[in-house]
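Protein chains: 2
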Amino acid sequence: MKIKKRDKLMGGLENGATHNQDSSPTTTKPTKTSLSPGSMINLDQGDPTLFEPYWRKMGDKCTVVIEGCDLMSYFSDISSICWFLQPQLGDAIKRLHRVVGNAVTEDCHIVIGTGSTQLLMAALYALSSPADRHPGYKDQAEFLRSGLYKWEGDAHTFDKDGPYIEVVTSPNNPDGAIREAVVNRGEGKLVYDLAYYWPQYTPITQPLDRDIMLFTFSKCTGHAGSRIGWALVKDKEVARKMTEYMQISSIGVSKESQIRAAKILGVLSEGCQHFRTVDSENFFEYSRSILKERWERLRNVVKNSKTFTLPKYPRDYCNFTGMYIDSNPAFAWLHSKEDIDWESRLREHKIIARSGERFGASPKYARISMFSPPEAFSLFLERFSAIIDNSNGNVVT
Amino acid sequence: MKIKKRDKLMGGLENGATHNQDSSPTTTKPTKTSLSPGSMINLDQGDPTLFEPYWRKMGDKCTVVIEGCDLMSYFSDISSICWFLQPQLGDAIKRLHRVVGNAVTEDCHIVIGTGSTQLLMAALYALSSPADRHPGYKDQAEFLRSGLYKWEGDAHTFDKDGPYIEVVTSPNNPDGAIREAVVNRGEGKLVYDLAYYWPQYTPITQPLDRDIMLFTFSKCTGHAGSRIGWALVKDKEVARKMTEYMQISSIGVSKESQIRAAKILGVLSEGCQHFRTVDSENFFEYSRSILKERWERLRNVVKNSKTFTLPKYPRDYCNFTGMYIDSNPAFAWLHSKEDIDWESRLREHKIIARSGERFGASPKYARISMFSPPEAFSLFLERFSAIIDNSNGNVVT
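As they're listed, the protein sequences go chains A and B.
The first sequence: position 146 = 146 (the UniProt record's numbering), numbered continuously.
The second sequence: position 138 = 138 (the UniProt record's numbering), numbered continuously.
Bound conformation, chain A alone (with noise of 0.2 Å):
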């Protein structure tokens, strides 16, 4: 079976994960919060502690305790398919969906995953491997090398016959746009990536309802430490074995993060369905608010610029806030009409960024990550204007 991605633009990140959930340490340091003028500052990663004064503001009502005998046995419901997922977990994934509106949860099976990079494989894994198969007889050597499918790259270009799996990342990453399938035949098997189908992101224009969704609780609330994601299955054999690639590869997920992230993402349901009521801000519009107020300093320094151009988003009405809104995706998607290497450019004013070559786009291209601490963002902007001045042919003051 051969796999294409939705974009090449998404393929090959340095780290080796394909798809939204990449943005993970790869050969970069993070930045240190401290910044003096000479400080390089990193936007290569994504790692989104900037949510962090957030849930601090939360006090106790997030806190968990955990004992020295709980959580002990690999069981956590033996009665459902995916037996290692903690059933509070479970139900607050479907109560936060409902409320935000981003997901149809009814008739789906969860499994959860290592982060939602595992729970790729796992589907991948599942769409690919024969039903005839015993698994029971393979050992992890040979599992690991599977040769069930091979990579196909850009899924605008591909023009094989025969089965194929098609990832759909939305919105997508490194350029933020909305997609959708395009190999579009009966062969095809869709997995969709959805790891910033949340309001801070973009509009939450549907419920979507595909066969196969993942999720991550790194990307909603900025827990990545926790390295949980989920994936909303229809199909009762594809999330058979989606677990079972969860038991061979790991037996199973940390059950501490889960009912953490249980814990976390009631919280935030709740705060949800009462901000209007209550004064207290919910998570996403503060989180909105930040990566709003980002992008508009990021647009206001660029505008000034001849030859430098962030992608533009249509305004979409979102169900969850009830107004019309853009989009704030995590990273920015920086291009030069000059034939320059962006990367090089602005490692030279010590900010590190993602080629363009590195998501099989041209140098002229870099993502940038709005995830940054806000010190580290704010020197950004005065280094980026510097770079603009500087190409527009002006003095630097």
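Treat the hints as calculated values from the structure; they're not laboratory data.
Be aware that one or more of the hints could be misleading.
Which copy is meant is left open, because identical chains are indistinguishable; a pair holds if it fits in one copy or across any two.
[Said to hold, decoys possible] Quick list of in silico lysine-lysine cross-link-like pairs, DSBU-like style, CA-CA up to 30 Å: (1) Lys-306 <-> Lys-61; (2) Lys-312 <-> Lys-337; (3) Lys-234 <-> Lys-303; (4) Lys-61 <-> Lys-263; (5) Lys-263 <-> Lys-57.
With chain A held as given, fit chain B onto it using these hints.
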């Protein structure tokens, strides 16, 4: 590169694991704790909940409290090769090995995994991937189908030339024997799976000092739900590549599980260092006494049999306990002189065991978990006595 397993008995477990940490849920469900005379007793798995009472007794000593704003970053220590390893867990692991004396940690790099299941795959990946390959441009799909090595089965029958990896599992699963490498050629690389090299299972005769040693929280303390394993790795490049595997497959390991494991391993070390001065029993004494008592009861039943046997283990001096002690493996490897299908025979008596065939042995062997809840273990012995009486031609009372 080829791999062989130290012992084919280890291979082809139904859950796909190839090593000690396999004792995970497979096709059958674990035994409910409340048992009726007609209940099926599941001794197929090794869910180590029997140690739970000890940790309950520890009360608040092992309790962790995690606030909503804690542990949000992907990173734990960017100065470390394993950048997602919480430093306090690394320290706790080194301290425990010093206290127990089962492994040398000096000049070792620690790589953490989602259970040691994931670490075995990381080791195979690290030992078989060419050093000059740039991982940054692989994506997960290519990664998953990597044909870096090929499973070759039992090391005893391996006679091919060229480089190989040998997985040495000691004490072994299912038969509990102490193992050493058998192929012993210049081009060979060894991975030691030491999940059961702890004082409750086997005498600690020496601090092992191998290139790659794997351990797991699940079998050390019984906290299987946390999915924490660790590797002690001598070679820096191997540690880097194992870390890379973790990054590609799950972008790190649950921080919640890590800080909890650090706390519990710390309390464990503390208890071991003072158990002769304070009156509280240390965990290894406690867990060893449970397993010892179960083995004595099982051997008392088996000794009446004309046809059924258990492996004999040499009593050896344990540096940790300072006594000559017996091995008390987590699994009993039953053998029948009669030509019967052990698994089926046991199932007729409502006992679920794992057939020797699953380990590449004869159906005259069966593996029985010694980890079942107390009530289940007692009921198992009752039913097993009846089987033995039958086979001896006695009337069942």
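Hints and how they fare:
In the homo-oligomer, the alpha carbons of Lys-306 and Lys-61 never lie at most 30 Å apart, since the shortest distance is 49 Å inside one protomer and 63 Å across protomers. For the identical chains of this complex, Lys-312 and Lys-337 are intra-copy neighbours only, at 16 Å inside a copy versus 77 Å across copies, given an alpha-carbon limit of 30 Å. Proximity of Lys-234 to Lys-303 under the C-alpha cut-off of 30 Å is found in neither arrangement, the shortest distances being 45 Å within a copy and 53 Å between copies. Taking the closest pair of Cα atoms, Lys-61 and Lys-263 come within 30 Å of each other both inside a single copy (9 Å) and across two copies (23 Å).
In this homomeric assembly, Lys-263 and Lys-57 come within 30 Å of each other (Cα to Cα) both inside a single copy, at 15 Å, and across copies, at 26 Å.
Violated hints for the displayed structure, listed by number in ascending order: 1 and 3.
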